[in-house]
Structures are given as C-alpha cells and as structure tokens.
Amino acid sequence: MELTKLIARRAVQLVIVLLFVSFFTFLLVRLLPGDPTDIIIPFGTEAKKAQLRADLGLGQPLYQQYIDYLGNILQGNLGRQYSSGRPVSELVAQSLPVSIQLMIYAQLIALLFALPLGIWAAYRAGSRSDAAINTTGFALLALPNFVVALVLSYFIGARLKWLPTGGYAPGWLDPIFDGTRSTDIGGHFNYMLLPAITLALGQIAIYMRLLRSDMIATLKENFISMARAKGISNLRILWRHALRPSSLTLLTVVGLNVGALIGGAIVVEVIFGIPGMGQKITLAIFSREYIELQGYVLVVAVLFILVNFFVDFLYTILDPRIRRGRSAT
Amino acid sequence: MSRVNRIAAIAVVVGAMTLATTGISSASAPSRAPQQAKGGEITFGLEAESTNYCLTGAQLAASGIQVVKAVYDTLTVPNSKGEAVPYLAKSVKPNADFTVWTIGLREGVTFHDGTPVDAAAIKANLDSYYGAPDAPNVGSLIPIVLGFVQSVAVTDPLTVTVTLKTPVSTFPAYLYLTGRMGIMAPAQLNSGDACKTNLIGSGPFKVSSIRQNEATVVTANPNYWQKGYPKAAQITFIPVTEGAARTNQLQGGQLDMMHTSSATQIAALKNIGNINALTQKPGYREINYSVLVQSKGATAKVFGNETVGADARKAYNTALDRKKINQIQNRGTFTLANGLMDTKAPGYLKNAGYPKYNPKKAKALVAKVKAGNDGAFDIVLGTTTDAENSKLAQQVQEQLDKVGITATIAQFDQATLINKAISGDIDVLFWRNLHGGYSFSSDPDNYPWWSNYNTASGGKNAINFAHFNDPDTQAALDKGRTETTPAQAKATYTAYNKAFAKGNFITPMWYVNWTIGSQKSVKVALPALPDGAGKPLFVYGVLPVIGLSKK
Amino acid sequence: MDDLRPDAIPESSGSTSQQIVGESIERGFLGSSSEIALAAVETGPEGEASRKKLSIGAWLAIGWMGFIILIAVLAKTGIFTWGDPNESFVSCARRGPFSKEGTAANFILGCDSNGRDMLARLALGTWTSLYVAVGAILVGFSIGGLLGIISGYFGGKTDTFLTGLFNILLSVPGVVLALALVAFLQGSAETASKSSISPEVILIIAIGIVGIPLVGRIARASALSWTQREFVLAARSQGAKHRRVIIKEILPNVLPAILSISLLGIAIAIVAEGTLAILGVGVRPPTPSWGNIIAADRGNLFTSPHIVFEASLMIFLTVLSLNMLGDVVRARFDVREGLL
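Going down the list, the protein sequences come from chains D, S and B. Just so it is clear: in the first sequence, position 9 is 9 by my numbering, and no numbers are missing. Just so it is clear: in the second sequence, position 14 is 14 by my numbering, and no numbers are missing. Just so it is clear: in the third sequence, position 81 is 81 by my numbering, and no numbers are missing.
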C-alpha cells in the first residue's frame with residue numbers, strides 16, 4: 001500500500017512542521033520589544049504593571065510559557081487581546097472569512113481572464129497577438145500590489161466613482177464563521193470588487209503564462225494531431241482535449257496561492273480598508289498586541305502549510321511523469 | 001462535462017453574477033443599510049477604533065468618546081456658555097467652601113438592563129473612577145485627575161454626597177471630563193475584565209453588536225429618560241482611519257456622517273457640493289502644540305539644562321515660522337494658537353508673551369546655548385507614524401536646521417510615544433489636547449497635566465510631560481481651582497498663561513476645528529438641554545447624538 | 001514512493017512550467033507567491049529568448065537601470081541633486097504638473113504636500129530604494145546562497161535541517177516576518193546603544209532575512225544537480241576536500257542561477273520596501289525613498305495624485321527592467337541545463 005505509506009509519511013512531516021511553526025511564531029512574538037504592560041496601562045504605577053505582568057504570565061521561563069501556549073492552542077484557546085480582553089479566536093472568526101472571500105474572488109477573477117488568454121496565447125504561439133499578450137503579462141508582473149490598489153482606487157473609485165474606495169459589508173461566508181447577519185450582500189461585492197481585481201491582476205499574468213507554457217507542450221503531443229486529423233474543430237480541441245491535461249500546473253499553483261493570498265493581501269486590505277486578517281495583523285503589530293499577533297500569524301501559517309501539503313500531495317499523485325514512472329516499475 | 005470544464009463554467013457564472021450585481025448596486029448610490037427604520041439608520045465614520053470601553057480605565061480619544069456619548073450619560077455636560085450643568089444628575093450643589101458636593105438624581109431613570117440609576121449606582125461609578133479602596137476596575141489615569149476626592153457616600157436613594165480633600169469650585173466640570181465620565185450600570189462595572197466589552201449605560205442608544213475595526217451598531221433606547229429622544233433608530237459607527245478615505249466614503253454615500261480634525265479633509269469637505277459641514281466655533285477648541293521636555297537626571301535633556309535650558313527653549317520657539325507651517329500643513333485654514341487656551345477660556349491672551357518668529361534672534365540664542373553646552377544643540381522630535389504628524393515634524397525639523405539646531409525625528413506608535421514622553425526619552429512631543437477649560441476656570445484640563453513634575457509630597461507627576469517645576473504656574477493652578485467668580489479666575493489664569501509663555505514650556509501651534517460632515521438627508525439637530533440649562537456645547541469633536549435623524 | 005530523489009525523475013517531458021513547478025514540489029517546495037511569480041517570469045516567451053542577441057527590451061532595461069543608478073549616486077553624493085529635497089515652499093505645496101492651479105515655476109514634477117521638490121526627492125529616493133534593495137539581496141544572496149549550496153552539496157541530515165529552516169521561514173507571510181524583524185531590530189538597537197543603527201540597515205537585514213529562503217532554495221536545487229555530476233564525483237574520489245570542491249566546481253556553476261534570481265530578488269525587495277513604508281515602517285524622515293514618498297502622500301491621492309503616480313512609475317519601470325534583465329541572465333547561461 002504505497003499510498004497509505006505516503007500519506008502516513010506526509011502526515012508525520014506535517015505535524016513536525018506545524019510544531020516548529022508554532023514554536024517559531026511563539027518565539028518571534030516574544031522577541032518583539034516593548035513591555036505590553038506599557039500599552040495597556042501607560043499611566044500605571046510600577047506595582048500595577050508588575051501585577052499585570054504576573055497576570056499575563058510574562059514572568060515565567062520561556063519553555064514554560066511555550067508549553068502553556070501549546071496546551072492552549074490545542075484546546076482552541078488563542079489567548080486574549082490585552083486592551084479589550086476579547087478572545088483572539090473571536091477576532092479571528094470575524095476577520096478570517098473576510099480574507100478568505102477576498103482570496104476566492106481574486107482567484108476567480110484571475111482565472112476568468114487567465115484561462116482564455118492563456119489558451120489563446122498558446123493557440124497562437126509565436127504570433128503578434130501572443131507577443132502582445134505576453135508583454136502585457138510581463139508588465140502586469142512588474143506592477144506592485146499597492147501601486148495597482150492606489151491607481152484603481154483613484155481612477156475607478158475617486159474619478160469615475162464606479163466603485164467605493166473602501167469599506168466593507170459582510171458577505172456570504174461571514175455568517176458561517178461568526179453568526180453575523182449580512183444585510184447588504186450587494187454592497188459586499190461592491191466593496192470587494194476593487195481589492196479583488198487588484199490582487200487578481202498580478203495572478204492573471206502568472207496563471208496565463210503557466211497555462212500557455214503547458215498548453216504549447218500539450219499541443220505538440222500526438223493525440224492532438226490525431227484529433228485534428230479526425231477533423232475536430234480547433235475550438236473543441238483547445239477546450240475539450242488540450243485544456244485538461246495542461247491545467248495541472250495551473251491548478252497546483254492556484255492551490256498554492258490560496259494559502260499565500262490569505263496572509264499576503266495585507267497591503268491591499270490596508271489600502272481599501274477591508275477588515276481581514278491582514279489588517280488585523282498590522283494593527284496588532286502597531287498596538288503591541290503580541291498575543292493577538294501570535295494568534296493571527298499562527299492561523300495564517302497553519303492554513304498555509306495545510307493547504308500546501310494538500311496541494312503538494314495531490315500533485316505528487318497526479319503528476320503524469322510520476323504516474324508514468326510508477327506504472328513503469 | 002469534464003472537471004476542468006465544470007470549474008471554468010462555474011467561474012464564468014460567478015463572474016457574470018458578480019458583474020451583474022455590481023451593475024445593479026452601482027446604479028444607485030451604494031449604501032450600507034438599504035432598509036430604513038423610522039428616524040433612520042445612520043452610519044457615522046470615526047477616526048479610530050476603541051477596543052476598551054470600561055470607562056474608568058479606558059483611555060479614549062474623541063472617536064471613543066463619540067460612541068460613549070451615544071451609549072452613556074454623564075452627570076454633567078457643558079452648555080454653550082461653557083458652564084458645566086447637570087444632565088443625568090438633576091442637581092449638583094456645593095457647600096459653602098466647595099469641599100462637599102451634593103448630587104441629586106432624577107426619578108425613574110434606568111440603565112439599558114433595567115436596573116435603576118440610583119445613588120448606589122452613582123456611588124459605585126464614582127468610587128471606581130476616583131479609586132476608592134476595593135472598588136472594581138479602577139483605572140490609572142482618572143484617579144490621578146480625581147486625586148482630590150476624599151470619599152463618596154449615599155445620603156438617600158436619589159442623593160450622593162462627595163467629600164473632597166481640598167476645595168475645588170469647578171467640580172461639576174470634573175463630572176464630565178471631556179465626555180469620559182460616563183455612568184455605567186453596576187452590571188458592567190462589576191463584571192471584571194468583561195467590563196471592557198460589556199457596554200451598559202443609560203444613554204439614548206444601546207449596543208447591538210460590536211465587530212472590532214469594522215462596525216459598532218447601537219440602536220435606540222426605547223426607555224430613554226428624555227422623552228421623545230433619540231430621534232434616530234440606529235447608528236452604526238465605522239472606524240475609517242484614513243482621513244481621505246473617510247471623506248471619500250461620505251462623498252460616495254457609503255457614510256451618512258463623519259468627523260474630522262484634519263485641515264486637508266475639512267477643505268475637501270467644503271469642496272464637495274451636496275453635503276453639510278458643521279464646524280466647531282471658536283471658544284473651546286482643542287489645541288495642537290508641542291511639549292518641550294525638560295527632563296533631568298539620567299535622561300537629561302538640553303531643554304532641562306540648568307544653565308542653558310531656558311535659552312534653548314526660547315531658541316526653539318523663536319526659530320519656528322508657525323505661519324508657514326500652518327500654511328503648508330493646513331492650507332492656512334486653522335488659526336494659530338496664542339497659548340494653551342482658546343478664546344473663551346479664562347486667561348486667554350492674544351499675546352501671552354511667547355516669542356515671535358525671528359530666525360536671527362534664534363541663531364544668536366542657539367550660539368549661546370552651544371557655547372554653554374559643549375557646542376551641541378541636538379534634539380529628538382517624537383511623533384507617531386501618522387502621515388500628518390510626520391509631515392509636521394519634518395517641517396519643524398527643516399526650520400530648526402536653518403538656525404543651527406540639529407533635530408532627529410523618531411517615530412513610534414502612540415502608546416510607545418506616551419511612554420517615551422513620560423520617561424523623558426525625547427526632547428519634543430508633538431501633541432494635541434483640549435486645554436480650553438469650561439465655565440470660569442481652566443480646570444479640569446490643566447491641573448493634573450501641568451502640576452509640577454516633582455510633587456510636594458515627594459512623588460512624581462508622570463503626566464506632566466514637560467517635566468517642569470515652576471512655582472508660578474503651580475500657584476496659579478492651586479489658586480484657580482478654588483476661585484468662584486469669573487473676574488478672579490481671569491486674573492489667576494492670565495498669570496498662569498504668562499508664566500507658561502515666559503518659561504516656553506510648550507510651543508502653541510494652532511486651534512483644531514473639529515468638523516462634522518453629513519449628507520443632506522441627515523438632520524443634525526442639537527436639542528436644548530433639560531431644565532432650561534441652555535444649548536449643548538459641541539466640544540472636542542464630540543457631537544450630542546440624541547437629535548440626529550435621517551430622512 | 002521513495003523515488004522522489006532528483007535522480008529518480010525521468011527525462012524531462014512536459015512543458016517548462018511543469019518542470020519548474022513539479023520539480024520544486026518534489027524537492028519540498030512550499031510555494032510562496034514570490035517563487036511562483038519567479039517561475040512564471042521564466043516561462044514566458046522572453047524566457048525562451050535566444051542566447052545570442054539582446055532584444056530591444058533588454059537594451060532599454062539596461063539603459064534605464066544605468067540611468068537611475070547614475071542619478072542615485074549623483075543625488076546622494078550631492079554632485080547633482082536636481083534641487084533641494086528638503087526645502088519646503090508654500091507656493092508649491094501639493095501642486096503637480098497637471099493640477100488645476102498648474103505647476104509652480106521651476107518644479108517640473110510638482111511638489112509633495114510639504115511643498116518639497118518632487119524631482120529632487122525622487123532622485124534622492126532612488127538612492128535609498130536601490131541601496132536598501134541591493135543590500136537586502138546581498139544579505140539574501142550571500143547567506144541564502146551559502147546555506148543553499150551547503151544544503152544541496154552535503155545532502156542528508158544537513159539538507160533536511162536547512163530545508164526545514166527555509167520552509168518555516170516561508171510559512172509566515174513575508175510582510176509579517178519583515179515587520180516583526182524590523183520591530184525586533186529597532187528595539188534591540190535602542191536598548192543596546194544610544195545611537196541606534198540606521199533604519200536603512202535595519203530594513204536591509206529584515207528584507208534580507210526574508211529573502212534567504214528564496215535564494216537558498218534555488219541555490220540548493222542547482223547545487224543538488226551539479227553535485228550529482230561525474231566530474232564532482234571524480235574530484236572527490238581524488239581526495240579533494242569539500243571546501244575545494246565547493247569553491248572550484250560547484251560555486252562557478254551555481255552562480256548564474258543565483259545571479260538571475262538575485263536580479264529578480266532586487267525587484268521584489270524594492271516592492272517590499274514600498275509595502276513596508278505603506279504599513280508605517282521604513283527609513284527615518286525626512287529621508288525620501290520611493291516607498292515612503294507614496295506612503296506619506298497616500299492620503300492626498302484623491303487631490304494630488306501626481307505624488308503617488310510619479311513614485312509608482314519609478315518603481316514600475318525599475319521592476320520591469322530588473323525582471324527583463326534577470327530573464328536575460330537566465331537565458332544566457334541557461335540555468336536549467338543542470339537539471340537535465
């Protein structure tokens with residue numbers, strides 16, 4: 001049972017990586033300067049601060065704090081925000097769905113454009129339109145996130161006034177995470193459209209190029225020439241026969257991006273005022289809310305690792321070369 | 001259909017749906033709450049989010065106090081004449097020498113959870129505010145401010161007696177404290193750490209939901225003690241830290257109202273055609289100023305130097321072309337401040353004695369300072385990472401450089417900046433605060449902040465950021481809080497103002513005109529205060545909300 | 001499925017992108033978005049560029065890079081500054097070249113909201129941005145490259161350990177890691193001595209550390225494949241010490257791969273500096289950098305957009321040029337030759 005052995009091995013790897021990451025985030029946050037008691041009670045007396053430090057468990061040795069921390073995580077307790085006493089898990093439940101929805105919309109928009117463009121560029125490989133598409137893609141790759149965000153915000157938001165330049169209304173995922181009522185779904189999409197487009201632009205270039213590259217190779221294969229010889233139309237060949245085997249890499253990268261985009265949309269969230277994990281992370285760093293920050297970083301890192309392991313694993317099973325290798329042995 | 005085809009199909013459908021929905025929504029002005037209840041559901045854009053609403057310990061700024069204004073009542077409020085008049089309380093009366101104050105309450109007022117606003121509840125609140133032994137949730141700042149309170153007692157179910165250690169004639173103003181002294185229900189006060197997020201007051205609105213950094217929704221209190229109010233059905237407070245974004249969202253219709261204290265945004269508001277802008281009138285405005293830190297000892301600063309300190313501070317103030325800074329920072333729309341007070345506060349002087357801009361004289365003073373300080377005049381300017389503050393610091397640095405003062409800019413987050421000021425680790429603190437005072441006194445805002453750094457009892461007054469010890473200002477502050485007539489107060493505080501200017505403890509910059517921007521569909525009414533006490537004062541950017549309504 | 005070692009992979013079939021992504025995954029790739037982007041850059045038609053002639057685009061890129069390096073050096077040394085980057089003028093505040101009131105005289109690119117000459121600030125900002133970006137990549141290049149080569153050459157436990165280290169660094173979003181590192185470094189600097197390290201150096205270290213795993217993995221992949229070659233085995237069997245083999249045989253062959261990545265990495269570092277500036281972390285004012293010019297006047301975007309646009313254009317053209325040059329280097333030396 002090769003597969004079971006593989007799964008078992010990967011699972012063990014996963015647990016080890018997760019442990020290391022939890023220790024790493026724990027350590028990272030402990031290394032940050034500044035006494036949290038200074039932010040919670042800046043005008044407090046030394047006695048009060050000492051008391052608060054003890055209450056927060058800050059005086060204990062590092063390994064003890066880590067063990068307590070680990071124990072808490074496993075029970076789902078990510079600690080509390082210093083200034084308000086709110087459980088971090090509550091704050092995560094409020095902001096995670098926002099980031100996830102943003103990621104989904106960005107991916108969908110990216111695919112919406114990348115699929116046809118990639119197919120066309122591959123179909124017309126070497127032609128002028130191919131070169132044009134590719135140059136545009138190359139240029140898009142060079143545009144930083146925040147530049148796109150600011151430019152779109154200015155032209156589409158402020159000048160043309162087609163979309164709002166910032167703000168948020170709960171969408172379809174928020175009620176599932178924290179029971180909030182979504183009274184304005186239309187508004188939700190309004191607010192999310194510009195940020196999603198901003199994130200998508202960079203991804204369009206990447207996806208399009210990956211797809212193009214794979215498709216060009218696929219189009220050279222024998223079964224394509226056979227299909228053409230059979231008289232099947234080009235469009236049908238592209239869509240039904242060529243796309244599927246060429247999309248493995250693309251889908252893999254889309255999957256890998258899922259993890260990357262959840263924590264990586266920080267600047268876009270900040271610029272558009274989207275209350276997702278990215279915005280919360282920034283606020284936590286600047287208000288020295290270390291326990292809260294630790295919680296967010298851990299959640300993002302764990303999600304990232306889990307998604308990647310899953311995609312990783314799927315790819316290993318589905319990679320035609322490995323499959324061919326397997327069937328050869 | 002193959003799997004990839006299916007995925008592609010879904011993508012196309014969702015994409016189309018999204019675009020269609022967008023098309024529908026953007027046909028009309030996108031708003032956050034399509035359905036409207038009677039009186040309206042108003043969205044209010046705030047400058048910042050507040051995370052801790054346990055009022056006795058929370059350090060709230062204008063944004064937080066605006067929410068407090070909706071959910072809580074204070075015992076007194078300022079009226080447009082600057083008097084602190086009873087509000088939640090029915091009466092606040094002193095004894096002959098202002099050492100015992102009797103607070104009379106109204107009948108039948110209840111908190112949002114139905115418990116009565118009675119003397120026991122008020123005592124519980126005041127005990128926690130001033131720091132009575134064994135009181136729950138005592139903070140660290142307000143006990144310093146209310147350090148003169150001796151004890152609080154319940155005389156009868158509707159009467160509370162407050163005994164003070166020293167006479168304070170302006171005690172009613174302390175029951176407001178720029179809106180921070182909201183009266184919480186005992187259920188909130190006694191709920192330990194949950195006090196921070198469990199808001200229960202007696203105010204016109206009660207909290208419906210709070211999503212941090214997203215929206216705080218408050219709905220009308222049907223049992224509010226002022227009959228017929230509030231007018232609005234619901235207010236949703238939304239923090240939008242970026243000033244330009246807030247203005248833009250007002251313009252785009254995503255917000256019904258917002259507040260701003262930035263000159264750039266106020267100018268932008270005035271340029272938008274179809275909105276109303278309500279600006280604070282001169283008289284009791286917030287002041288933007290710099291604190292020149294005179295710390296000694298381990299963190300000795302040039303401004304606190306025994307020999308050259310006074311000249312150093314004078315050089316700093318003489319070197320700044322405030323008019324130019326005001327022109328660049330605020331497009332000249334803000335008025336330069338003449339001291340720590342605004343025009344209606346007692347002690348206000350058009351010319352208190354601060355030095356005029358004179359680069360030549362400044363250079364001469366700088367040379368003198370350097371001669372007595374080993375040739376060095378290096379200072380650190382402390383500011384937050386906020387773009388506006390940073391720009392101000394850069395302008396100041398540029399001007400100091402022209403007269404030979406080497407200034408480095410150090411940026412910190414707000415909490416760290418306060419700590420640096422308290423510990424005396426920076427030379428200049430760019431600050432903003434309300435020091436206008438009300439009624440006929442400059443209390444309560446000045447006394448705790450500017451009392452001498454070294455207290456009479458040997459301790460340290462950590463919140464005197466300037467770390468100065470000046471007998472003249474201390475004498476004026478001590479005298480001022482016992483005075484009872486406007487004429488007396490004027491004399492005392494005029495002396496106080498002059499002493500400040502003579503010592504160059506601060507650099508006054510400009511008065512801040514808080515402005516409320518609102519859609520034309522929002523009616524911003526300020527109903528008269530109960531018992532004929534006059535009209536409420538729109539101060540520190542905090543707007544009374546009971547009269548707001550939306551068509 | 002023990003056949004995940006590089007030598008178990010059959011001859012390359014399938015497209016270039018499949019190769020790159022597939023191989024990376026097999027070697028323990030936890031794709032970060034930068035790596036994905038890098039992979040994408042390499043798979044375009046420019047990536048299939050001929051090794052012989054440089055295209056027009058490449059020449060333009062070289063020209064632009066040369067130009068900005070020149071103005072940066074001139075501005076920093078004070079030889080030619082295009083104006084004063086720190087002097088503020090009331091008459092010019094917030095006015096841009098296309099604003100309603102029109103440009104103030106003598107200011108072609110307008111001024112920022114403090115009334116300072118945009119041209120002068122952009123010129124000096126070029127120095128800061130390039131200095132930080134190149135410095136960061138040197139850190140990533142040297143440390144990451146070294147660790148990657150060691151990891152690929154020695155294999156075994158060293159490899160597992162170092163790869164694990166890279167993976168952990170990559171699991172935290174880059175921006176967050178950089179923010180935390182900056183906060184940590186700033187705090188330590190303050191407590192250590194009165195005069196803190198310059199903010200530029202702090203940024204260099206922080207962004208550099210974030211870049212280590214990126215360079216490290218490429219170096220590792222390259223070193224791994226070269227280590228398998230016969231001539232290396234031959235050298236080892238002749239008794240050559242590890243150090244000698246690495247320096248004489250592995251390093252020269254791995255260098256082109258690292259170089260190509262580094263050029264792309266500089267572009268990423270420039271963007272990173274901008275991102276951090278917007279999030280409130282960066283060089284100390286009044287020192288300008290492309291990033292903090294954008295960050296400082298982001299609030300004036302709707303009324304004085306020229307400030308953000310001018311700095312953004314600089315970033316865009318530079319990143320574009322670097323991407324192109326990185327591609328050219330890779331095509332020239334065909335870095336994937338070793339992966340056959």
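No lab work stands behind these hints: they were computed from the structure. Remember, it's a predicted structure, so these values are computed and weren't measured experimentally. For each residue, glycine too, the CB sits at the ideal point set by N, CA and C. Hints should not be assumed to be uniformly reliable.
To spell it out: a stretch of chain D is covered by chain B in this simulated footprint if at least three of its residues, at any positions, have a beta carbon under 8 Å from a beta carbon of chain B; those stretches are [as the list claims (entries may be wrong)]:
1. 62 to 69
2. 84 to 95
3. 169 to 177
4. 233 to 244
5. 280 to 287
6. 296 to 305
In silico EDC-like links for lysine to aspartate or glutamate, alpha-carbon gap of 20 Å or less [unchecked claim]:
7. S:402 x B:84
8. S:324 x B:159
9. D:48 x S:134
10. S:420 x D:2
11. S:420 x D:38
12. S:402 x B:87
13. D:49 x S:398
14. B:76 x S:398
Cβ-Cβ distance ranges computed for the label pairs, FRET-style [unchecked claim]:
15. D:58 x S:96: 49 to 57 Å
16. D:8 x B:155: 19 to 27 Å
17. D:185 x S:156: 49 to 57 Å
18. S:38 x B:91: 21 to 29 Å
Hints and how they fare:
With a threshold of 8 Å between beta carbons, the proposed coverage of the stretch 62 to 69 of chain D by chain B is violated, since 0 of its residues qualify and at least three are required. Remark: the stretch 84 to 95 of chain D is not confirmed as covered by chain B, as 0 of its residues place a Cβ nearer than 8 Å to a Cβ of that chain, below the required three. Proximity of the stretch 169 to 177 of chain D to chain B, defined as three or more residues with a beta carbon under 8 Å from a beta carbon of that chain, is not established by the 0 residues found. Look at the stretch 233 to 244 of chain D against chain B: 0 of its residues bring a Cβ nearer than 8 Å to a Cβ of that chain, fewer than three, so the hint is violated.
A stretch counts as covered by a chain when three or more of its residues have a beta carbon under 8 Å from one of that chain; for the stretch 280 to 287 of chain D and chain B the count is 4, and the coverage holds. Under the rule that three or more residues need a Cβ within less than 8 Å of chain B, the assignment of the stretch 296 to 305 of chain D holds, with 5 such residues. Only pairs whose Cα atoms come within 20 Å are accepted, and residue 402 of chain S paired with residue 84 of chain B is accepted, the gap being roughly 14 Å. Between residue 324 of chain S and residue 159 of chain B the alpha-carbon distance is near 62 Å, which puts this suggested pair outside the 20 Å criterion.
A distance of roughly 14 Å separates the Cα atoms of residue 48 of chain D and residue 134 of chain S; the hinted pair therefore holds under the 20 Å criterion. Pair hint residue 420 of chain S plus residue 2 of chain D does not hold up; C-alpha atoms about 62 Å apart against a cutoff of 20 Å. Between the alpha carbons of residue 420 of chain S and residue 38 of chain D the distance comes to roughly 10 Å, so the proposed pair stays at or under 20 Å and holds. Proposed proximity of residue 402 of chain S and residue 87 of chain B is supported: the alpha carbons are some 10 Å apart, at most 20 Å.
With a C-alpha separation of about 39 Å, the suggested pairing of residue 49 of chain D with residue 398 of chain S is violated against the 20 Å cut-off. Taking the CA atoms of residue 76 of chain B and residue 398 of chain S, the gap is about 18 Å. The hint holds against a cut of 20 Å. In this structure, residue 58 of chain D and residue 96 of chain S meet the distance hint of 49 to 57 Å, their C-beta atoms being roughly 51 Å apart. The given range of 19 to 27 Å is respected by residue 8 of chain D and residue 155 of chain B, whose C-beta atoms sit roughly 23 Å from each other.
Checked against the hint of 49 to 57 Å, the C-beta distance between residue 185 of chain D and residue 156 of chain S comes to roughly 55 Å, which is consistent with it. At about 53 Å, the CB distance of residue 38 of chain S to residue 91 of chain B disagrees with the hint of 21 to 29 Å.
Violated hints, in rising order: 1, 2, 3, 4, 8, 10, 13, 18; the structure is consistent with all others.
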